[in-house]
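**Student:** Working from the sequences, and respecting the hints, build out all of it.
These protein sequences, in sequence, are chains A, B, C and D.
Taken in order, the first sequence gives residues 210 to 462; the numbers are from the numbering used here.
Taken in order, the second sequence gives residues 210 to 462; the numbers are from the numbering used here.
Taken in order, the third sequence gives residues 274 to 547; the numbers are from the numbering used here.
Taken in order, the fourth sequence gives residues 274 to 547; the numbers are from the numbering used here.
Hints in this document: simulated from the structure, not taken from any laboratory.
Heads up, some of the hints might be wrong.
Under 10 Å between C-beta atoms, here's a sample of chain D residues computed to sit facing chain C [claimed, not checked]:
1. Met410
2. Asp419
3. Val447
As a list, the in silico SDA-like pairs of lysine to any residue whose alpha-carbon atoms are at most 20 Å apart [unchecked claim]:
4. B/Lys255 with B/Gln216
5. B/Lys256 with B/Pro435
6. D/Lys408 with A/Phe367
7. C/Lys408 with D/Leu423
8. B/Lys255 with B/Ala232
9. A/Lys255 with C/Ile489
10. C/Lys408 with B/Lys255
Note that the structure is predicted; figures quoted are calculated from it, not measured.
The beta-carbon is built from N, C-alpha and C at its ideal position, and this holds for glycine as well.
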Amino acid sequence: MSDVHPQERLIGAIARLILDPAAPPARHIAVGAASPIPAAACWLVKKLGHPVRLSLLHRPTGNPFTEGTRELFDLAGQGRIDLFFLGGGQIDGQANLNLIGTGDWPGRAARFPGSFGSAFMYFMTPRTILFREEHSQRVLVPRVDIVSAPGVSPPGVFRRGTAQALVTGKCVFAFDAASARFSLASIHPGETAETVRDATGFAYDGASAPVTADPSAAELALLRGPVCDEMLETYPEFCRRVWNRTGLAGRAA
Amino acid sequence: MSDVHPQERLIGAIARLILDPAAPPARHIAVGAASPIPAAACWLVKKLGHPVRLSLLHRPTGNPFTEGTRELFDLAGQGRIDLFFLGGGQIDGQANLNLIGTGDWPGRAARFPGSFGSAFMYFMTPRTILFREEHSQRVLVPRVDIVSAPGVSPPGVFRRGTAQALVTGKCVFAFDAASARFSLASIHPGETAETVRDATGFAYDGASAPVTADPSAAELALLRGPVCDEMLETYPEFCRRVWNRTGLAGRAA
Amino acid sequence: MNPLELDALAALVPDGALMALPPDNSLSPAAFARALVRRGVRGLRLLGVPVSGYATDLLIGAGCVASVQTSAVTLGEAGMAPRFSAAVAAGTIEVIDATCPAIHTMLQAAEKGVPFMPLRGVIGSDVLAHRPDWKVMDNPFAETGDPILLLPALAPDIAAFHAVCADAHGNVYVGRRRELATIAHASRRVLVTVERMVDGNLLEDERLAPGTINGIYVEAVAVAERGAWPIGLLDEYRFDAAHIAEYARMARTEDGFRAYLAQYVTAPRADAAA
Amino acid sequence: MNPLELDALAALVPDGALMALPPDNSLSPAAFARALVRRGVRGLRLLGVPVSGYATDLLIGAGCVASVQTSAVTLGEAGMAPRFSAAVAAGTIEVIDATCPAIHTMLQAAEKGVPFMPLRGVIGSDVLAHRPDWKVMDNPFAETGDPILLLPALAPDIAAFHAVCADAHGNVYVGRRRELATIAHASRRVLVTVERMVDGNLLEDERLAPGTINGIYVEAVAVAERGAWPIGLLDEYRFDAAHIAEYARMARTEDGFRAYLAQYVTAPRADAAA
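**Tutor:** Put into structure tokens, the structure is as follows:
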């Protein structure tokens with residue numbers, strides 16, 4: 210078995226968060242656009258034999274919905290989606306997300322694409338795994354310039370959940386909604402408590418943490434085989450880069 | 210040309226009301242369940258060459274909607290249906306309709322089927338033609354026992370229209386929304402102002418009125434040919450009774 | 274998802290459930306209603322979406338029903354629904370009157386996961402006067418007073434209907450009767466009878482996907498050939514007007530209704546013979 | 274309804290229209306957007322349902338757009354939408370930020386003919402803080418304070434999309450992309466490009482009806498073969514990622530964008546050659 214690719218490690222970390230027995234059950238997970246690492250984590254969970262339903266919104270064929278994203282949002286509104294993934298151009302220590310831009314409204318310094326469905330989904334699913342590979346003071350800020358979606362809400366505001374954790378290229382942070390604070394949960398190989406601290410713009414709990422575990426040999430074999438097979442149509446570039454797989458030749462497996 | 214069938218006369222009277230140049234335009238007419246006479250009137254208007262769109266909700270095949278009656282009601286809500294037909298187990302002099310029942314709520318003396326969409330449609334279309342073949346003091350009452358749908362609404366209540374007229378087996382009444390009163394518009398052959406008066410439980414304006422005109426020879430030819438052809442699949446019993454047509458043999462015409 | 278036997282599907286309905294049924298022109302689960310009669314379910318709270326017909330009248334006559342929320346109960350050309358009328362006269366069922374688009378709207382609110390949705394019209398109707406659960410408020414987007422009806426979300430415990438086919442993923446094909454999707458989306462549990470099971474995945478077929486309800490919403494499926502009969506099913510088979518007329522005639526009396534049950538519902542293999 | 278020429282269809286869009294466009298994964302009318310650039314339309318107020326992509330960026334770059342209401346503008350894997358970003362930085366367009374389900378909800382309210390519809394979530398987002406046309410009120414069905422967002426109905430002047438086919442009745446086939454029906458229902462005028470015209474009546478075919486939008490809602494149709502390109506169209510053809518990447522590269526500068534227009538939009542028979 211060859212060395213673990215850093216992105217395989219992120220996939221493995223997210224898969225373990227999905228399977229966290231302390232978190233609400235993840236029977237139905239939806240994955241949005243351009244999210245190869247979260248999508249791979251979901252496929253890994255499924256290929257490990259867990260009975261999870263995946264709704265992958267950007268498969269070129271076989272889109273699971275017949276009413277487009279409206280059906281996704283209705284499902285989430287009903288409480289039928291247990292877990293979703295979000296990111297952000299900026300993320301702050303209260304788990305506020307900024308997908309809109311920096312500087313003055315509506316992002317005059319640097320405009321990001323926009324809020325997508327974050328201002329809704331973040332409230333509607335019992336849990337959200339935040340994922341942003343870039344771990345820098347530019348991204349992880351003390352306070353987002355613009356709140357696309359708030360990390361916590363006042364009592365009385367209807368909300369099913371918030372961030373479970375934030376996975377970056379350097380570490381995993383757990384999020385505690387009651388205190389509205391992140392805490393260091395694990396540090397990826399090659400990083401230290403200090404490199405994490407230096408790259409993080411917000412305050413968080415926990416000065417040190419264990420090393421993020423690598424995927425097991427069995428998990429790596431699943432990732433490089435059946436998970437890659439499932440990903441190839443939607444994320445050919447990712448599969449080429451991480452697993453050096455091109456084309457659909459291996460797909461019959 | 211054989212004698213005019215009484216139901217052909219009702220069809221002709223309704224067709225003339227549809228085409229009334231003083232009324233709001235009828236570009237799109239919807240016809241509900243079990244309404245052969247209004248449906249035939251709409252087909253007659255169409256076969257006369259008027260550019261009207263018909264949405265016939267109970268065609269066994271080729272239902273015009275893909276979201277069932279919800280799509281009909283949404284269309285009406287948007288203001289895209291210009292004319293609808295309603296009846297009632299009781300109709301009173303203010304054009305209130307009772308489709309629910311007599312006696313105490315919810316119709317303990319005699320239960321009718323129920324309000325259907327009347328409490329909505331009566332407000333949403335610019336005009337409604339009321340049709341009830343039975344003209345008796347049992348049906349045309351001073352005050353309905355239960356208001357399924359009110360004939361008029363107080364100022365400030367959103368409403369696009371109300372009854373244009375009431376067609377019965379004995380006469381045609383016009384309705385004036387401002388005074389909330391019917392007035393006698395025409396009396397069918399065989400009836401008189403007195404027989405109408407005696408059979409009507411509510412007060413109305415106009416002691417006399419002209420005779421309801423028979424359909425023209427051209428209209429009768431259309432009714433007995435192409436209109437019957439269109440009706441045969443949905444209303445075979447009606448076509449047999451009025452036009453002595455059975456089966457689909459003539460339908461290739 | 275492996276299909277159940279029809280009677281096993283009926284066994285999934287608990288006494289007292291709030292159960293949504295489509296009308297007689299839109300995938301009515303008639304064989305399933307007969308199975309419920311055989312099972313002897315009690316205290317059902319039926320919801321007609323938006324009106325009710327043969328299945329509802331049958332269940333009322335068989336003593337399975339505590340209440341009916343609907344916009345109308347009718348056998349269409351065959352006239353009034355006789356067991357419904359008798360039960361209203363006898364006061365043995367509660368009738369909760371609505372009006373068609375209000376029922377659609379309450380389900381749409383549940384589908385969307387919002388607590389209410391507005392609807393125009395209805396103000397001044399006695400239907401509203403008898404719905405303490407419906408509210409009128411001033412439209413907050415209007416400059417001047419503009420009363421508008423707000424309807425609460427209504428999530429049925431169970432929705433039941435008869436579709437054309439299902440696949441092993443629980444996807445069911447309803448064709449142009451897409452309003453069934455709203456009922457399915459709004460309901461907590463969805464039980465479906467179908468003419469037949471099909472291979473493959475309906476949602477992966479671009480031609481069939483538009484008329485398919487995602488298996489996400491479907492709890493269980495049973496095969497019931499001609500399971501809508503005497504109601505029609507799209508272009509598969511036509512409405513059996515003669516049988517509905519016979520039902521209307523027989524059900525006019527309690528004795529006649531019992532004879533109907535014996536002949537068409539409880540007789541051994543009644544549904545298989547249909 | 275006889276189909277128009279593509280440029281004649283584009284001529285039906287007045288300057289300043291509020292025009293709804295689907296995103297790049299759902300029947301985007303790309304050829305129609307290029308025809309609008311050729312026509313030189315000005316002051317469009319675009320609505321992304323619920324997000325915006327290539328067509329919106331192209332229209333912005335060509336100076337056709339006054340404002341964009343959307344939940345995001347993106348070229349997907351190809352990154353940021355360059356002409357949108359440049360216009361925001363330059364302040365030459367107004368951006369009205371929304372969030373995806375809010376756009377669906379505003380259209381659903383218009384589809385239903387109600388003045389508003391509620392939506393959960395969003396409270397505490399700066400999107401809401403910048404929408405004076407959105408209101409928060411206490412849910413009147415809750416016992417205790419329960420703030421909920423109310424969204425006003427939004428009826429676009431025009432909706433434009435690219436469907437698979439149309440018939441002479443104006444019915445258009447969108448297949449599983451049924452969300453286009455909501456856009457069509459909510460909009461005052463609907464202009465559609467299609468791959469081809471078909472004989473007969475799509476709504477009378479039980480197999481095609483579920484994916485068909487009724488011609489009631491459709492004002493005009495034009496044939497534009499491969500009219501979604503470089504966007505994909507269901508199973509007819511795939512998204513052309515290489516072309517979108519080329520667009521993203523060329524449109525990074527104003528000069529590059531002009532070169533793109535010359536090569537792919539305004540060149541004689543540019544769309545025919547695509």
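**Student:** Against the structure, test the hints numbered earlier, and report the numbers of the ones violated in rising order.
**Tutor:** Per hint list: single violation, 10.
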